[in-house]
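*Asks:* Each chain, written out:
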Amino acid sequence: MAVIVGAGPAAAGAGAIGAGSELLAGGALAGAGFSATTAATAAGAVGGALGAVASGTGVVAGAGIGAVAAGAGGATMGVVGGAAGLVGGAATAGSITAAGSAASAVAVGTVGGSFSTGLGAALVAAGPAGWVAAAALVACGSLIALSTASPLMDTKGSHSHSSSKPAAFKAIPAIPTTGLSFATILAKLHVKSIRAIAGLLPAIKTPDYKVPFGEKIVWTFSAGVVLVLGSQMPLFGVQNVGASDAGFAFRSVFAGNRGSLFDLGVAPLLASGLLLQTLAASKHIALDWDRREDRALFSAAQKLTAILLAVALSVFSVFIGVYGAVSGITAILLVAQLVVGQILVILIDEAMQQGYGFGSGYGLFIASHLAENMFWSVFSFASFKTGKGTEYEGSIIALVQLVLTRRDKFRALKEAFYRKNLPNLSTAIVQTAVLGAVSYLNGIRMEVPLQHSKMRGAQTHKFPVKLLYSSNYPLLIVSVALGLYSYVSHALFNRFPENMVVRIFGVWKAYDNIAQQFPHGGLAYYLSPPRTLFSCLRDPIQFAIFSTLFIWSATKLSELWTEAAGTNAKDVSKTLESQSPHGTGTGCAVLITFLYQFFEIIIRENMERPAGDQLF
Amino acid sequence: MDNITDIIDGPKQFAKDSINLINKCTKPTQTEFFQMAFAIGMGFVIMGFIGFFVKLIHIPINNIIV
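Protein sequences, first through last, are from chains V and U. Residue 616 is where the first sequence ends in the working numbering, and the numbering goes up by one at each step. Residue 682 is where the second sequence ends in the working numbering, and the numbering goes up by one at each step.
Worth flagging that the hints you see were computed from the coordinates, not collected in a lab. Each statement offered as a hint is correct.
Pairs of lysine-lysine residues, derived as BS3-like cross-links and limited to a Cα-Cα distance of at most 25 Å, are as follows: (1) U:Lys-628 - U:Lys-643; (2) V:Lys-388 - V:Lys-414; (3) V:Lys-385 - U:Lys-671; (4) V:Lys-556 - U:Lys-628.
Just so we're clear, the structure is a prediction, and the values are computed from it rather than from any experiment.
Just need the whole structure built from these sequences, with the hints factored in.
*Replies:* What follows is the structure, given as structure tokens:
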């Protein structure tokens, strides 16, 4: 956070410009459909740093590679079986990795994975009785994986080296006496329950060897593949397969796909992390960053909150009808699958941050989600029958098809570039341009010369402070809040479209023959970015309200954060915003920063290798 | 009239600070930028293709399963 050295107004300026530049970048995209929400980006990267500080504990990710293999097995067999397979694979892989061979972990993971998936599939096919059995399988699989006593999955949930005993937590500092009394009570409860449960939370141990560069790449790559696979693996028990998605605001911040194992995306993880970190920053939770026990407890709290949030969100989604009219066993199964999926995401993220991979798991998730969407919208050859005949979804494909088959070449080109109901080329071009722009912005840094007090003048090290790092948290927090809000509003509206109260919260409507619905009225309308540039003009009030709200909350939050970070700079973070439509300004920034961070790490590691061994 | 100048002063000062800040920052040079863009682009393409193929493979699979 605002680690900008020594410059009063400059720090404020950096904060503001940082916010401004991201939003400008996002805003520029807005023209072709990007939402100028946070370049929480670097929040991903920086958050990784903060998160790593917070999560000083953990156990290993045998789950990493094992889960990939199991995931591959699961994807082809059955959903329930798949979930069990993933989980089972994680457990078995965990024990193998102890022996030190990642390859055997893959092998065992595959075997374990396909076995349980096959079994699961068979059970599923057997009807309701089978479903109960399958549910039991998932539950047991989860329990086994999550509480296995293998040396790799340290279920005591805390420090790596010592076999942590709960006694380690006794030295926690006093409960905060500042802040609201409600928060104090909550904190008291929280601490007690955390201590009790911390031993049961699954965790990843920090590696006790320096993970070699090549291995890190494998871990990161596998994690990416698992995340992508999980976003495609269908949930068992979904009744309404073609229905509209959770809301654009939700997907662009949280990733994930409707009806998939990772349906909730990164929502519980991100929301809980931000919530707790904001509470800690605003001193509602007394936390001493220098103490190891504190950090351990805090990260356990984050994880617990994430899991609770996952349970809450899944129960809400299932019973409010996001997946259609499900009941009884199916409902329970759905909730179980979603929660297990979330736990997997949490573990993967932790593994990445513990040093097994580069960057953070959720950065990887958001980045790969965005990349996948962009590629899909350009290259997909799914075809749809519209009023004008068969149209292809991918913009390049459509371009070729339209130009070849239409008589009027000019109109064909125009349609390829501007059509509304399916992805068009101008969106693709603008998206690429924005990626380029954000890359450029990402490289802007202020090199602060540091001088050692011992060495005079001879060597000045320069400490680069990146522009995009300064202001992401506040914007991220706002985006997370808005994303969650639109998700809830959308779900409620689909279930109770006539209810007055629900309509106040938000009215949703589908536009332009796309299945995706957008907020059309109610509070949600004013809490979402305008859909297109034209919407801004047609309804400037919405634009004004949204912008003001967004800017104001971001400003307030950044004041909070800069104070918390210890800088006294007056934070004038006004942000220039031009707006908005659907899209992923946030996602782009996450993507860019994640990749750039990856790139930097590669460069650094390369330099650390002995001279003969370097890659380039 | 005075009120207006007051109101404008804040943002004006901010704009000045911002411009100074941007001028002071080191911006990526041509080579730096291309290197960065290339690395980022490569990563992006890799992730995009993986995602694309996974999605592609899952269409028939999902049709069967669901």
